[in-house]
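Going down the list, the protein sequences come from chains F and E.
Under this note's numbering, the first residue of the first sequence carries the number 35, and numbering increases by one thereafter.
Under this note's numbering, the first residue of the second sequence carries the number 495, and numbering increases by one thereafter.
FYI, nobody ran anything at the bench for these hints, they're computed from the structure.
Hints may be right or wrong, so weigh each one.
[As the list claims (entries may be wrong)] Label pairs and their computed distance ranges (CB to CB): (1) N545/E / T60/F: 17 to 27 Å; (2) L568/E / Y64/F: 24 to 34 Å; (3) E43/F / L568/E: 36 to 46 Å; (4) K558/E / T60/F: 24 to 34 Å; (5) F522/E / S37/F: 25 to 35 Å; (6) I51/F / S512/E: 44 to 54 Å; (7) H72/F / H501/E: 18 to 28 Å; (8) G49/F / L562/E: 48 to 58 Å.
[Claimed, not checked] Quick partial rundown of chain E residues pointing at chain F, CB under 8 Å, derived from the structure: (9) S537; (10) L538; (11) I587; (12) N598; (13) E599; (14) Q600; (15) F602; (16) G603; (17) P604; (18) G605.
Even glycine gets a Cβ: it sits at the ideal position worked out from N, Cα and C.
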Amino acid sequence: GQSLEQPSEVTAVEGAIVQINCTYQTSGFYGLSWYQQHDGGAPTFLSYNALDGLEETGRFSSFLSRSDSYGYLLLQELQMKDSASYFCAVGHYGQNFVFGPGTRLSVLP
Amino acid sequence: GAVVSQHPSRVICKSGTSVKIECRSLDFQATTMFWYRQFPKQSLMLMATSNEGSKATYEQGVEKDKFLINHASLTLSTLTVTSAHPEDSSFYICSAPARGGAYNEQFFGPGTRLTVL
Numbered sequence: 035g036q037s038l039e040q041p042s043e044v045t046a047v048e049g050a051i052v053q054i055n056c057t058y059q060t061s062g063f064y065g066l067s068w069y070q071q072h073d074g075g076a077p078t079f080l081s082y083n084a085l086d087g088l089e090e091t092g093r094f095s096s097f098l099s100r101s102d103s104y105g106y107l108l109l110q111e112l113q114m115k116d117s118a119s120y121f122c123a124v125g126h127y128g129q130n131f132v133f134g135p136g137t138r139l140s141v142l143p
Numbered sequence: 495g496a497v498v499s500q501h502p503s504r505v506i507c508k509s510g511t512s513v514k515i516e517c518r519s520l521d522f523q524a525t526t527m528f529w530y531r532q533f534p535k536q537s538l539m540l541m542a543t544s545n546e547g548s549k550a551t552y553e554q555g556v557e558k559d560k561f562l563i564n565h566a567s568l569t570l571s572t573l574t575v576t577s578a579h580p581e582d583s584s585f586y587i588c589s590a591p592a593r594g595g596a597y598n599e600q601f602f603g604p605g606t607r608l609t610v611l
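Work out the full structure: start from the sequences and follow the hints.
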């Protein structure tokens with residue numbers, strides 16, 4: 035079977051740095067993606083990691099450790115508009131992506 | 495980036511009626527599209543994979559006779575919720591993989607909020 039775990043909620047203040055963790059248990063793993071979803075909106079792609087290490091895209095970075103079945107999304111210089119739900123999603127060979135339960139990020143002024 | 499549209503964005507129907515939701519890739523061709531359902535404050539649950547020119551692949555527990563999927567062209571997939579009931583009320587979202595079929599990056603439509611009275 036497949037399972038993913040994320041914290042359900044995270045709160046931080048503007049300008050801060052926040053890390054959202056994702057742990058997974060799966061077979062045939064080939065990559066970890068991150069998506070952002072604002073209330074009432076559609077998910078938008080943020081990043082993808084297939085190899086161990088850190089991928090940086092502007093204020094957002096994503097990390098993967100395949101040996102630990104663990105990844106995280108790092109958001110820097112938080113802005114109010116970053117308040118949203120963040121989902122990790124795991125890709126498996128021969129199967130479709132499975133989304134994690136999501137982490138609701140609240141950014142306070 | 496690639497654009498995926500959905501229509502309608504919101505629909506309210508009576509119990510027992512059928513509702514059709516369209517998903518279109520506007521500036522690229524999509525041989526595969528995915529249909530998800532999302533309940534409030536929950537994650538996206540994959541319902542089925544829509545394949546152009548062939549039958550859809552349904553996830554375990556999803557009734558294929560209730561959720562009819564048709565992928566008639568390289569830019570259009572439709573989901574029909576037949577004999578809808580209040581428990582079918584949800585947010586339905588489609589997506590298409592990025593060019594090249596990379597499933598790690600998906601482009602999502604804006605979603606359709608279905609309310610069954």
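Hints, one by one, checked against the model:
Between N545/E and T60/F the Cβ separation comes to about 23 Å, which falls inside the hinted range of 17 to 27 Å. Between L568/E and Y64/F, the C-beta spacing of about 25 Å keeps the proposed range 24 to 34 Å intact. As the Cβ distance of E43/F to L568/E is approximately 41 Å, the hint placing it in 36 to 46 Å holds. Separated by about 25 Å at the C-beta atoms, K558/E and T60/F satisfy the suggested range of 24 to 34 Å.
For F522/E and S37/F, the hinted distance range of 25 to 35 Å is satisfied, since their beta carbons lie about 33 Å from each other. Evaluation of the 44 to 54 Å hint for I51/F and S512/E yields a pass: the beta carbon distance comes to about 49 Å. At roughly 20 Å, the beta carbons of H72/F and H501/E sit within the given window of 18 to 28 Å. At roughly 49 Å, the beta carbons of G49/F and L562/E sit within the given window of 48 to 58 Å.
Given the 8 Å rule on beta carbons, the hint for S537/E holds: about 5 Å separates it from the nearest Cβ of chain F. Interface restraint check for L538/E: the shortest CB-CB distance to chain F comes to about 5 Å, inside 8 Å, so the restraint holds. Given the 8 Å rule on beta carbons, the hint for I587/E holds: about 6 Å separates it from the nearest Cβ of chain F. Contact between N598/E and chain F, as hinted, is supported at the beta carbon level, the nearest pair being about 4 Å apart and thus within 8 Å.
Using the Cβ-Cβ criterion of 8 Å, the hint placing E599/E at the interface with chain F is satisfied: the shortest such distance is roughly 5 Å. For Q600/E, the interface hint holds, the least distance from its beta-carbon to any beta-carbon of chain F being 7 Å, beneath 8 Å. Hint status for F602/E relative to chain F: holds, with the closest Cβ pair at about 4 Å, below 8 Å. Evaluation of the G603/E hint against chain F yields a held restraint, the C-beta minimum of about 6 Å falling below 8 Å.
Annotation: P604/E was flagged as interfacial toward chain F, and the flag holds, the nearest CB pair being 5 Å apart, inside 8 Å. For G605/E, the suggested interface contact is upheld, since its CB lies about 5 Å from the closest CB of chain F, less than 8 Å.
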